[in-house]
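Q: In case you want the letters, here they are:
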Amino acid sequence: MLRVSDLFVAIGSPSAELDVVSSVSFEISRGEVLGLVGESGCGKSMTSLAIMGLLPHPDVWARSGCIELDGVDITHMPPHVRVEKGCGGVAMIFQEPMTSLNPVMRIGDQIMEAVRVHDGTTGAEARSRARELLEMVRIPDAALQLNAYPHELSGGMRQRVMIAIALACRPQLLIADEPTTALDVTVQLQILSLIRELCDELDMGVLFITHDLGVVSQLADRVAVMYSGRIVETGPVGILFEQPVHPYTEGLMSCVPEPSAGHHRLRTIPGQAPKPGEIAEGCAFAPRCSYAQAVCRVGSVPRHSVTAGHEATCNFPLRERATA
Amino acid sequence: MTSQDILSVRNLHTTFTAKRAGRKYKIRAVSDVSFSVRRGEVLGIVGESGSGKTTVGRTIIGLERAEAGDVQLNGKDILSNKNRAARELSLKVRMVFQDPYASLNPRRTVADSVAETGDIHGIFSSRSERERRVAEALTQVGLDPSFGARFPHELSGGQRQRVGIARAILPAPDLIIADEPVSALDVSIQAQVLNLMADLKEQLGLTMMFISHDLGVVAQISDRVAVMYLGNLVEVSDARSLFDDPLHPYTRLLIASVPRIDPALRISGGIEKGEPPSRFAEVRGCPFSDRCPIAADRCLSERPELRQKTAERAVACHFA
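If you're matching them up, the sequences are chains A and B in order.
Quick note: the first sequence uses the numbering used here, first residue 1, plus one each step.
Quick note: the second sequence uses the numbering used here, first residue 1, plus one each step.
Extracted from the complex, chain A is given alone in its bound form:
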C-alpha cells in the first residue's frame, strides 16, 4: 500500500546539501505495523515528514527517490493537493498532544474541522461523526466530552483525541511519531493497545516511530532500525529481536536495562552518533563498531539478505561472523 523507494532527504541549500536520510526503502501493507527505531537525529522523523509532505520547505527537501501510496506517486505532492486528488489517506500523530491541539477550542470542534475537510459534511452530521470518532478511540461519555477543552483532559485522553482527529480522514496509513513517549508507562500500554486494535479493525497500515525497543518489540509486525540516515537492519519482529545481525541493533538491545535483571554492567556502544555528513565514506557505524575492519571504512556497504525479509546493511553481519 505504501512504498518508499530509495528516498534521500537533504538539508541546506542545493549548492551545499547534506543528506539526513539516505537510500531509505520500505513497504507497509494494510493491517500491518512497521516499527521504525533509532536514536535522536537518525532521520526517522524526517522520513515520516517526507511521507506526509510536511518537510519544512525550502530548507529540507526530498532530493530523490519515490513515495507511492496505492501506486500514486505522492513524493512532491503538497498535502492540500493530496486531499483534492483523493489520496489524502495518510494521517499523523505526534509526541506531545498538548502542542498539537488548539488550547482555546473545544475538542469536538477540532475533530469536526477535520471531518469538514475530508467528508465535506457540516452541522449535526459532522457532530455525530465526531462522536463516533471519539467512541472509536474509547473515550468514555463521548457526547459529553465533545464539549471539553484540551486542558480538561489527561495526557492519555489528549492522545486519544489526536488519534480521533487522525482517523477523521479515514486513513489507509497512520504515522505515529513517538506517540507514547510523553506518557506514563501504564497509560502508554493503553494507547499502544488502542493503536493495535484500530490497525486490525480498520485494516490500516501503521508506521510507528520510536526510540523504545521494548515498545516496538511488542507492537510491531516488522521492524526497521535506522542509524545516521540509513536503515541498517530490517526484518520481522520475532526474528530481528531473536537474532539481530547488525552490530548496531545488537548494541542497542544490550543498552536497554531490564527491570528483573538487577545490577549488571550494561554493555555500551562507545562514542556517539556522527553528525550528518561527518562520515563521507564507508559504514557510518564503523567508528563505534567493535567488529569493524579496514573494508568498513571505504566504499559502500553491501546489503545482505539473511532470511526472507530479514536484511542488514553490513560487511560482517553477525550470523556470518558466527559461522565463519
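Hints listed in this document are in silico derivations from the structure and should not be mistaken for laboratory results.
Treat the hints loosely; a few may be bogus.
To be verified - Just some of the chain A residues that point at chain B, by a computed CB distance under 7 Å:
no., residue
1, L49
2, R170
3, P171
4, D184
5, V185
6, T186
7, G214
8, G238
9, F241
10, V256
11, E258
Everything numeric in this text was worked out from a predicted model, so none of it was measured.
We put the CB at the ideal spot given by N, CA and C, even for glycine.
Fit chain B to the known structure of chain A by using the hints.
A: Leaving out everything else, chain B in the frame of chain A:
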C-alpha cells in the same frame, strides 16, 4: 534513625495551592512520606508523573517548602534552622538534574560551572587547588580536563550530563539527589552514563537518591527502591525482591506495564485500566483504590499505613 542512615525523612508533607475557576485547591504533592537512605547505598525512587517523586527530592534540598515533617542529615535537622544549615546543605547534598541543557549556564565555561559551589563557599585555598580539583572531578566522570575551557554548547548531551555529575561530586557530598539524570539521553548514551554512576558509587562510596520513572534504569543502579503513587509511598523494598515479587498492586501494575524487548509479549488490544485520578480531589481511602483489582470497601474509606513486612520490605496495602 540508625547509625548507618545518612538521611532520615519522617512524615514529610509538601502541599501546593492551585487556582482553578476561581477556587483554590490544595494539592498534596507529598503526603506523609517517611524513609531513610543508608550510607553508601543507592535508593531508587520510582513513580509516574505527578507521583511526588521529584517534589520529595526538591523538598529535602530546600527548593520546595515542607508543610510538615522532619528531615535529618547525619542526625541534624535540615528543614528548620534555615540560613546556616542551608549554606552547609548545598555542599553536603548535591543535585543532578534531568536536563543538562537547562541546568548549565550557557555563558560560563565548564570549569566555572563545576567550581561554582566551591567558589561560593570558599573551599578552594588557591587558584591552583581550584584547577586541580576541577580537573580531578572531570577526570572522574570520564572527561579530559581540557573540557574545562569549553562552553556547554560545544558538548553533546552525554558530555553535558557528565559535567552535571562532576559538579555534584566535586565538594565530596554526603548525598547526591539525581532527578531523572538519564531520561533525556539516547539509550546508547544512557547506558554509558548509568555505568559511570555505578562506577562512581563504588570508587567514591557515594550515597544516592536516584529518582526516575524508568523501572529498568532504577533496577540497574539501585540497592533499595521506594515506589510512590499520588504523593504517597506505597512500597519500599530491596531492589531484588521488589522486581521479583512486588507486594503492592500498583507496583505489580507498574512492572507489568514496562515494555520489555520480547516479541512474545505481544500487545493485542483490550487493555483498559484507567488513569491516575485527578490531584484536585481529596483522596480519603487508599489512593490507588479506584484502579486496584483487589480493592474492597475498606480501601475506599481507610488509608493504608506503610507497614513493615520484613526487615527489608514495607508496603502500604490492606491486603499485601
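Q: Each hint needs a verdict: does it hold in this structure or not?
A: Do the hints match the structure? See the list:
Taking 7 Å as the C-beta cut-off, the interface hint given for L49 of chain A is violated, the closest approach to chain B being about 20 Å. With a cut of 7 Å, the hint placing R170 of chain A at the interface with chain B is violated, because the nearest CB-to-CB distance is about 20 Å. Annotation: interface hint on P171 of chain A violated; nearest CB of chain B at approximately 18 Å, more than 7 Å. For D184 of chain A, the interface hint holds, the least distance from its beta-carbon to any beta-carbon of chain B being 4 Å, beneath 7 Å.
Annotation: interface hint on V185 of chain A holds; nearest CB of chain B at approximately 4 Å, less than 7 Å. Proximity of T186 of chain A to chain B holds as hinted, the smallest CB-CB distance being about 5 Å (cut-off 7 Å). Against a cut-off of 7 Å between C-beta atoms, the interface hint on G214 of chain A holds, since the closest Cβ of chain B lies about 3 Å away. A least Cβ separation of about 5 Å between G238 of chain A and chain B falls short of the 7 Å threshold, and the interface hint therefore holds.
Given the 7 Å rule on beta carbons, the hint for F241 of chain A holds: about 5 Å separates it from the nearest Cβ of chain B. The interface hint given for V256 of chain A holds, since its Cβ lies 6 Å from the closest Cβ of chain B, which is under the 7 Å cut-off. Interface hint status for E258 of chain A: upheld, as the beta-carbon distance to the closest one in chain B is roughly 6 Å, under 7 Å.
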